[in-house]
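Listed in order, the protein sequences are those of chains A and B.
To convert, note that position 53 of the first sequence is 53 in the working numbering; the numbers rise steadily by one, no gaps.
To convert, note that position 94 of the second sequence is 1094 in the working numbering; the numbers rise steadily by one, no gaps.
Bear in mind the hints are in silico, worked out from the structure with no lab data behind them.
Misleading hints may appear alongside valid ones.
A short list of chain A residues far from chain B (calculated; beta carbon distances all over 10 Å) [said to hold, decoys possible]:
1) Arg7
2) Arg8
3) Arg24
4) Lys31
5) His74
6) Asn80
7) Gln205
8) Glu240
9) Ser312
10) Glu359
11) Glu380
12) Ala418
Label pairs and their calculated CB-CB ranges [unchecked claim]:
13) B:Glu1106 - A:Gln311: 57 to 65 Å
14) B:Gly1369 - A:Gly86: 33 to 41 Å
15) A:Pro11 - B:Asn1321: 28 to 36 Å
16) A:Ala259 - B:Arg1332: 52 to 60 Å
17) B:Glu1106 - A:Gly86: 40 to 48 Å
18) B:Ala1412 - A:Asp60: 27 to 35 Å
19) A:Gln242 - B:Leu1163: 39 to 47 Å
20) A:Arg35 - B:Leu1163: 52 to 60 Å
To be clear about the criterion: a stretch of chain B counts as covered by chain A if any three or more of its residues have a C-beta under 8 Å from a C-beta of chain A, and this derived list gives those stretches [what the hints assert, rightly or not]:
21) 1009-1023
22) 1044-1054
23) 1062-1070
24) 1137-1148
25) 1384-1398
26) 1427-1437
Glycine residues also receive a C-beta, built at the ideal position from the N, C-alpha and C atoms.
Listed below, chain by chain, are the residues.
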Amino acid sequence: MPNFIDRRLNPKDRSLGNRQRFLRRVHEELKRTIRDQIKSDRITDVDAAHGVPIPKRGADEPSFQHSRTSGERHYVLPGNETFSPGDRLRKPETGAGGGRAGPGRGENTDDFLFALSREEVLDLFFEDLELPDMVKLSLRETVSYKSHRVGFSTVGTPSNINVGRTMRNSFGRRMALRRPSEKEFQALADEIAALEREEQPSPQQRHSLSHLREELEVIERRRRRIAYVDPVDVRFNRFERQPLPNASAVMFCLMDVSASMGEREKDLAKRFFVLLHLFLKRRYERIDIVFIRHTDEAREVDEETFFFSKQSGGTIVSTALEEMLRVIEDRYPSNLWNIYAAQASDGDNANGDSERCAELLRESLMRLCQYYAYVEIIDERESEIFGSTDNGTSLWRAYRKVDSAVPNFQMTRVARPADIYPVFRKLFARHQPVQLRR
Amino acid sequence: MARRPASTLLFDGSEWNFATLSRAYDAIEAIAIGEMGLDVYPNQIEIISSEQMLDAYSSIGMPLMYQHWSFGKRFVFESQLYQKGYRGLAYELVINSNPCITYLMEENTMPMQTLVTAHAAFGHNHFFKNNYLFRQWTDAGAILGYMDFAKKYIAKCEERHGLNAVEEILDSAHALQDHGIFHYRRPPRLSSEKERERARERLEYEEQTYSDLWRTLPTAGGSSGIEEAKREALERKKVLSLPEENLLYFLEKHSLILEPWQREILRIIRVIAQYFYPQGQTKVMNEGCATFVHYSIINRLFDQGKISEGAMLELLASHANVVFQPGFDDSRFSGLNPYALGFAMMQDIERICTMPTEEDRDWFPTIAGNGNWMGTLIDAWENHRDESFILQYLSPALIRKFRLFRLSDRAANKFCEVTSIHDERGYSAVRAALARNYDPMAHRPDIQVVDVDLLGDRQLRLKHVIKNGILLEESNRDATLAHISRLWGYDVSLAGIDASTGKVLYECSSTGA
Chain A
1 MPNFIDRRLN PKDRSLGNRQ RFLRRVHEEL KRTIRDQIKS DRITDVDAAH
51 GVPIPKRGAD EPSFQHSRTS GERHYVLPGN ETFSPGDRLR KPETGAGGGR
101 AGPGRGENTD DFLFALSREE VLDLFFEDLE LPDMVKLSLR ETVSYKSHRV
151 GFSTVGTPSN INVGRTMRNS FGRRMALRRP SEKEFQALAD EIAALEREEQ
201 PSPQQRHSLS HLREELEVIE RRRRRIAYVD PVDVRFNRFE RQPLPNASAV
251 MFCLMDVSAS MGEREKDLAK RFFVLLHLFL KRRYERIDIV FIRHTDEARE
301 VDEETFFFSK QSGGTIVSTA LEEMLRVIED RYPSNLWNIY AAQASDGDNA
351 NGDSERCAEL LRESLMRLCQ YYAYVEIIDE RESEIFGSTD NGTSLWRAYR
401 KVDSAVPNFQ MTRVARPADI YPVFRKLFAR HQPVQLRR
Chain B
1001 MARRPASTLL FDGSEWNFAT LSRAYDAIEA IAIGEMGLDV YPNQIEIISS
1051 EQMLDAYSSI GMPLMYQHWS FGKRFVFESQ LYQKGYRGLA YELVINSNPC
1101 ITYLMEENTM PMQTLVTAHA AFGHNHFFKN NYLFRQWTDA GAILGYMDFA
1151 KKYIAKCEER HGLNAVEEIL DSAHALQDHG IFHYRRPPRL SSEKERERAR
1201 ERLEYEEQTY SDLWRTLPTA GGSSGIEEAK REALERKKVL SLPEENLLYF
1251 LEKHSLILEP WQREILRIIR VIAQYFYPQG QTKVMNEGCA TFVHYSIINR
1301 LFDQGKISEG AMLELLASHA NVVFQPGFDD SRFSGLNPYA LGFAMMQDIE
1351 RICTMPTEED RDWFPTIAGN GNWMGTLIDA WENHRDESFI LQYLSPALIR
1401 KFRLFRLSDR AANKFCEVTS IHDERGYSAV RAALARNYDP MAHRPDIQVV
1451 DVDLLGDRQL RLKHVIKNGI LLEESNRDAT LAHISRLWGY DVSLAGIDAS
1501 TGKVLYECSS TGA
């Protein structure tokens, strides 16, 4: 008799440690891949599991191997049909001769994608954004749920048994099936006991005793067959997980797409938008994203066009703000929607237009918006010159005034990915919940 | 045919449970031990899920393994292949240990569990316990204890010295694990408790008696100093017992820069490589033995009326898949199938023992017609490895059946030449060439430590003995050399010397840290 052991219930993920070590090993490679993928992904897709090719660099395991292109070998192969000794076979042009190598599937690790979980993707995404750990942790959280009592169920854990409901069912069933009650049983038993005490029972008494005994037996059998509490009676309290009440939000992405916005600027802007989306996603169940791009005129576009198609022309920022106002009036009444806006620009603007932008914001937009964030994307060299001074482009100077007047307006200059987060700090630090406009 | 009473069946249908597993095991045991005379370690049978099987795959089949990124990589790779359907998982996995652990997949049907129990718990188990290589080179009783020690020791090192430091050593050691084997000396037996004790003692001792000798070698000053240093160098070389083919062993014992814990890790990798050494040399025999055993047992069970015709058909289909050998020009061809070759050879031996032809009497005068095929097989399983087994037992009949031919491939030529086929003139050559291909020495580059220049730059000199003009793959070679110099700490050079002419074909080196 062998020793049988059921290992199926052993803890899973025995290889988790190995996986983590592997990810650590190919970390740089993965970061690059994820960065590229995020560049081409939709903003809403960043927050999901990704498939990435198994990186080759950094993960090779060298050892002394015979080279296939030198020396002399003798293979023994099965299935000879037509060959005789002395026959010569041309080698294929590439690769080793002899056909022994086969299709060589084992070598081609590039063809395979392996899945990075959402957490792993976000980790890589967050890496050079320099988010505080607490923030990372809460961004990674998914929607929170709360359990609500909703009715009863026939299945559940013992701790959730609803005694009242169960006993009611049991009582009804016992009545319907006429289960002899304890009282009846006891009365009969007493009667029998009384008869048994009789010293000299008359034949009539004896007869009734045996009759009573039979009756008792029937009752007993019946009581055994019809349980006091049957599994069909049992009811459990039923709970349903409901997402915490969340309203919908709309996020406006505004971006200058004139010629001065290059690849680097757009990449930074995109990370900024992704991060805002992640923040919002934690709070709202449903988020719409509206993309508005502008040169000297603004248009609402889809995400693809927003990030990838080029347009030439001057720069008039106010057109984008006007377009945003129009969209809000059309589709997102501010009493139903929480409105967030993020604007990315390199700060260029047509003469005199900046003042108009500031006015638009102060007078109308900021009354509708929950939050408005402006990032100005600048050169790394410029960042050293400007620092945090009030100097800068005309747009920056104009917005500066809005910033001091309106509390939920944020602005910053961004030259490196690490500069992005501070924009959100105030939004995030504000602990009181965002007022829901229902 | 008389209707058999249903009660003789061990199981009915394809669902299994522990009662049917146990019933089937007892019936198999009665045949394997009682009728076939197999001799096995006590069995421990464990049921695992597919994910656990993938786990086991990625940690080279050991139930306990230290952690390393390469296992994570393999896991990702294997699970990809599995999920995309390129490859199914094995039905079982068996560990050469005492008690012998067999893993059965939970997805197997009951007939498959029967087949696999016969295959692994008796076929492989018998082979592990009796084959001379396993008996001499591995210690089935101690391996699980040792793996436990290794896992804990490496985890402790990671805690104490950091993941990076441990990973570096493991990377370098893995690069050399094929060169961490004594091929001619038998390794000492392991004992886990003693092992752990010794590790601690060794560490303490080496810390106490750290020798500064290497740093105080006299600088080249007076001639008498040189003389003395030369003498010392010769002496040292003798002490180092060069040349040495076990590179990991040499580095573990003589590297100048390794800490005691790093030496211990090299030792662990070496011990594991040594443990797996016999497996690589006995693929055909091991699988052939297990396949032959399961085939005999299921047929016997069927004859006894213990498995139904439906189950038998399923088993035969599965058996036929296992021993399928496509021809060289078939798109499914990926080399000779060790199951097919091994099983065919075992069956052939049975045929030669019981119904020999004239040809068999010529080729196998000692066993032809001796009638005792089981005894002959048990003797072969005990005393051979693939190379010698094929050299001794591959019959012309089987060469004809497989239509084997020898193809010679010289890198310089634009063509390959068919040098022998399955005819009177070719049998011996085909057989010898096939046997040679199963010699692990033919696939593993022969690299030895030949000298350490103690006087000068402490350069470690390695020699690659080139056979048949087969060189090393260069990028791999250079990367591996870099790993050696990381472990050695100083320059390492490798010279490729042709075995037949003695000419130096290449030289390369790697500078130390």
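So, going through the hints one by one against the coordinates:
Residue placement check: Arg7 of chain A does not keep its beta carbon more than 10 Å from all beta carbons of chain B (closest about 5 Å). Not every C-beta of chain B lies more than 10 Å from that of Arg8 of chain A, the closest at about 5 Å, which undercuts listing it as non-interface. Chain B draws Arg24 of chain A into its interface by the beta-carbon criterion, the shortest separation being 7 Å against a cut-off of 10 Å. For Lys31 of chain A, the non-interface assignment is confirmed: its Cβ lies about 16 Å from the closest Cβ of chain B, beyond the 10 Å cut-off.
Some Cβ of chain B comes within 10 Å of the Cβ of His74 of chain A; the nearest lies about 5 Å off, and the non-interface call is violated. Non-interface call for Asn80 of chain A relative to chain B: violated, since the shortest CB-CB distance, roughly 4 Å, does not exceed 10 Å. Against the 10 Å criterion, Gln205 of chain A stays outside the reach of chain B, whose nearest CB is about 56 Å from its own CB. Every CB of chain B is more than 10 Å from the CB of Glu240 of chain A (nearest about 31 Å), matching its label as outside the interface.
For Ser312 of chain A, the non-interface assignment is confirmed: its Cβ lies about 45 Å from the closest Cβ of chain B, beyond the 10 Å cut-off. Against the 10 Å criterion, Glu359 of chain A stays outside the reach of chain B, whose nearest CB is about 57 Å from its own CB. Once the 10 Å rule is applied to beta carbons, Glu380 of chain A is consistent with being away from chain B; the minimum gap is 31 Å. Distance check for Ala418 of chain A against chain B: the nearest CB is about 25 Å away, which clears 10 Å, and the non-interface claim stands.
For the pair Glu1106 of chain B and Gln311 of chain A, the beta carbons lie near 60 Å from each other, so the given range of 57 to 65 Å is met. Taking the beta carbon of each, Gly1369 of chain B and Gly86 of chain A are about 37 Å apart, inside 33 to 41 Å as hinted. A C-beta distance of roughly 33 Å is found between Pro11 of chain A and Asn1321 of chain B, which places it inside the suggested range of 28 to 36 Å. For the pair Ala259 of chain A and Arg1332 of chain B, the beta carbons lie near 58 Å from each other, so the given range of 52 to 60 Å is met.
Glu1106 of chain B and Gly86 of chain A have their C-beta atoms about 54 Å apart, which leaves the hinted 40 to 48 Å range violated. The hint said 27 to 35 Å for the Cβ distance between Ala1412 of chain B and Asp60 of chain A, and at roughly 29 Å that hint holds. Between Gln242 of chain A and Leu1163 of chain B the beta carbons are some 43 Å apart, a value that agrees with the proposed interval 39 to 47 Å. About 25 Å separates the C-beta atoms of Arg35 of chain A and Leu1163 of chain B, a value inconsistent with the hinted range of 52 to 60 Å.
Look at the segment 1009-1023 of chain B against chain A: 3 of its residues bring a Cβ nearer than 8 Å to a Cβ of that chain, three or more, so the hint holds. Counting residues of the segment 1044-1054 of chain B whose beta carbon lies closer than 8 Å to any beta carbon of chain A gives 9, which reaches the threshold of three, so the coverage claim holds. With 4 residues carrying a beta carbon less than 8 Å from a beta carbon of chain A, the segment 1062-1070 of chain B meets the three-residue requirement, and the given coverage holds. Counting residues of the segment 1137-1148 of chain B whose beta carbon lies closer than 8 Å to any beta carbon of chain A gives 0, which falls short of the minimum of three for the stated coverage.
With 0 residues having a beta carbon nearer than 8 Å to a beta carbon of chain A, the segment 1384-1398 of chain B misses the requirement of three or more and the stated coverage is violated. Figure legend: the segment 1427-1437 of chain B, annotated as covered by chain A; annotation consistent (5 residues with Cβ-Cβ distances under 8 Å, at least 3 required).
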